[in-house]
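So the protein lines, in turn, are chains A and B.
The numbers in my numbering rise by one with no breaks, and the one at position 164 of the first sequence is 289.
The numbers in my numbering rise by one with no breaks, and the one at position 125 of the second sequence is 137.
Derived by calculation from the structure, the hints in this document are not laboratory data.
Hints should not be assumed to be uniformly reliable.
[Stated by the list, open to error] What follows is a list of derived Cβ distance ranges for each label pair:
1. B/D135 with A/V262: 36 to 46 Å
2. A/A330 with B/A93: 40 to 50 Å
3. A/Y183 with B/P131: 54 to 64 Å
[As the list claims (entries may be wrong)] Cβ-to-Cβ under 8 Å is the rule here; a few derived chain B residues that face chain A:
4. V59
5. L122
6. N124
7. E127
8. R128
9. L140
10. R144
Positions of the beta carbon are idealized from the N, C-alpha and C atoms, including for glycine.
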Amino acid sequence: MTRGGKAVHRPPERGWVIAAATAGAVGLLAAVPAPLVPLAERYRDLCEQFPVLALLTYHLPPLPVALLSILASLALISGVAVAMRSLVRTLRFNRRLDRLADPLPPRLVRAAGALGLEDRLTYLDDPGVMACCYGLVRPRVAVTAELLSRLDDQELLAVLAHERHHVRYRDPARYLVIQVLAETAFMFPVASVLRHRLETRVELAADRAALAVTSRGALAGALLGALTGPGTPVAGVAGLSATEARIAHLAGNPVLPAVPTRSVIASIGVLAVIALAVADLAASPDLVGMMCPLCSWIS
Amino acid sequence: MDVHRFDLDKSGLTRVLGELQARIMEAVWRLEAPTVNDICAALGPDVHYKTVMTVTNRLAEKGFLVRERTTQRAFVYRAAADREAFLSRIAASVANGLVADFGQQALAHLVNAAERVDPAYLDELERLVRERKGGGR
Chain A
126 MTRGGKAVHR
136 PPERGWVIAA
146 ATAGAVGLLA
156 AVPAPLVPLA
166 ERYRDLCEQF
176 PVLALLTYHL
186 PPLPVALLSI
196 LASLALISGV
206 AVAMRSLVRT
216 LRFNRRLDRL
226 ADPLPPRLVR
236 AAGALGLEDR
246 LTYLDDPGVM
256 ACCYGLVRPR
266 VAVTAELLSR
276 LDDQELLAVL
286 AHERHHVRYR
296 DPARYLVIQV
306 LAETAFMFPV
316 ASVLRHRLET
326 RVELAADRAA
336 LAVTSRGALA
346 GALLGALTGP
356 GTPVAGVAGL
366 SATEARIAHL
376 AGNPVLPAVP
386 TRSVIASIGV
396 LAVIALAVAD
406 LAASPDLVGM
416 MCPLCSWIS
Chain B
13 MDVHRFDLDK
23 SGLTRVLGEL
33 QARIMEAVWR
43 LEAPTVNDIC
53 AALGPDVHYK
63 TVMTVTNRLA
73 EKGFLVRERT
83 TQRAFVYRAA
93 ADREAFLSRI
103 AASVANGLVA
113 DFGQQALAHL
123 VNAAERVDPA
133 YLDELERLVR
143 ERKGGGR
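From just these sequences and the hints, can you work out the full model?
Here it is in structure tokens:
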């Protein structure tokens, strides 16, 4: 079930601005490479000290290496910053969830027992509607009282089987890795689209695991129970969400969030600007004047 | 009136409000339409008038209180929601508020509340549920 075949996930506006800014800055550095010179000189000095470095960078002249180093550093800093922030938030969230835990009701224990999940459950006597898999090393499944009251036994089984799949594959950790990788590639708009697509695939795999132990209708009932609570998601305008893709699969119309052509073109554009800048800097008269020590020794 | 913070180490009103804010809200609920002077009298001698006035106005700015001018050129404050409704709102939000409070963290939701779902997809889900309940598994 796509919306007129136009079910696409659009990267946020920020992504387009960053892509344009990256392409602009790289183009500017290719035209006026003076700011790269100090780093290029440092690289040349390092190559003289450790000739193997010149071999490892394919004898690329210092200026393009300086440009690529800056871009790689930005990507690394972005990835590490997101990893740290997300890790701290996740650990605090997990601790708080554990602290909120209430004794498991017998109905939940029975359902979890059928799936071998009884030692991985957290129950929250809470009127909010929530079920999730949390925990990076030894994941657990959290279920609230309100969600439990909305589900019949088959629907509860569907929820637990879905979450058991997340537990088995340590999906919270997998989501963290996907998030960090997407942030590392922040210069390319297609990264956020691919992340959304990948996360949707993970959810679809968990749904397939649920369908192995229960019916389509039971899983649909579980999703409906979770979707019609306070804070109910509203009509979307930004492409196919993961939940919509899951509903489409349940309805027998498999579809994944599409990768919009314009985000692919924009990403290829950024890559092309970087490649052109590197080629231009490599071909231009070398401001730093490096000769690879190994090459000069061979010649 | 939006609740933006949750302190799960605390209980009741102090989960979403500061200590003094919670005491002021309790006083307003009890007195119904008090002035700042009335609130001060209700809170006792350990609070300063100016502090109470500042915090009360802040609660009004956040939408927790409604400020009304009286004929005596003083303001009275009313609660935007009654106590039970406010508390149930806090209670309802703890699990979801926890998720919102920590922003994006690594966990797999059954359904991500931040996601948008087209009503057509909800209709599709309802159809599947009806089918199941009609025909059994």
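Here is what the structure says about each hint:
1. Take B/D135 and A/V262: their Cβ atoms lie about 40 Å apart, and the range 36 to 46 Å holds.
2. For the pair A/A330 and B/A93, the beta carbons lie near 43 Å from each other, so the given range of 40 to 50 Å is met.
3. One distance hint, 54 to 64 Å for the beta-carbon pair A/Y183 and B/P131, holds here, with the actual separation near 56 Å.
4. Using the Cβ-Cβ criterion of 8 Å, the hint placing B/V59 at the interface with chain A is not satisfied: the shortest such distance is roughly 31 Å.
5. Residue-level restraint check for B/L122 holds (minimum Cβ-Cβ distance to chain A is 4 Å; threshold 8 Å).
6. Restraint check, B/N124 versus chain A: the minimum CB separation of about 7 Å is within 8 Å; hint holds.
7. With a cut of 8 Å, the hint placing B/E127 at the interface with chain A holds, because the nearest CB-to-CB distance is about 4 Å.
8. For the restraint placing B/R128 at the interface with chain A, the shortest Cβ-Cβ distance is roughly 3 Å, inside the 8 Å limit, so the hint holds.
9. The interface hint given for B/L140 holds, since its Cβ lies 4 Å from the closest Cβ of chain A, which is under the 8 Å cut-off.
10. Because the closest C-beta pair between B/R144 and chain A is about 2 Å apart, less than 8 Å, the hint holds.
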